[in-house]
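> Sequence:
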Amino acid sequence: MKLTSRFKRFGIAALLLTGFGIYAYDYNLIACKLMDRYWNEDKGRCMNPDCRQHDACMLSAGKDKATCETIRPGDSLDKAWYVLGKPWYEENGRFFWGNKYGDNVAEIEPDGEKVGKITCFEE
98 MKLTSRFKRF GIAALLLTGF GIYAYDYNLI ACKLMDRYWN EDKGRCMNPD CRQHDACMLS
158 AGKDKATCET IRPGDSLDKA WYVLGKPWYE ENGRFFWGNK YGDNVAEIEP DGEKVGKITC
218 FEE
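In my numbering, the protein residues as written are 98 to 220.
None of these hints come from the bench; they were simulated from the model.
A portion of the hints provided could be inaccurate.
[Unchecked claim] Dumping the calculated SDA-like pairs for lysine to any residue here, alpha-carbon to alpha-carbon at most 20 Å:
#	residue 1	residue 2
1	Lys162	Leu113
2	Lys130	Asp161
3	Lys211	Glu187
Treat the numbers as computed from the prediction; the structure is a model and nothing was measured.
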């Protein structure tokens, strides 16, 4: 069975559109913002909510108290990493996030793979 040129062109167009869709999903800033996902400047791509599992979360410097307050005790640590970025440092089993001025923004004491206690600091 020989394919007509019309089917060949349709197949090529479908492959190109699929490739563009994959590119836009991960590597396009505007598409990333439209999907309410976070952009990772360091990696030049959109972050996925499972970024902690793949060590792909950004080192965030611009987060504030309002962003921190979206995380609640009982949420997964993956959500905390996705929203706040990679912690600046860990001390005695607690994780700390800071802003670009070096002030603490958040402190999380984990309870297994969940947020046990979270403290959000003023700017």
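> Taking the earlier hints as the rules, which of them does this structure contradict?
1
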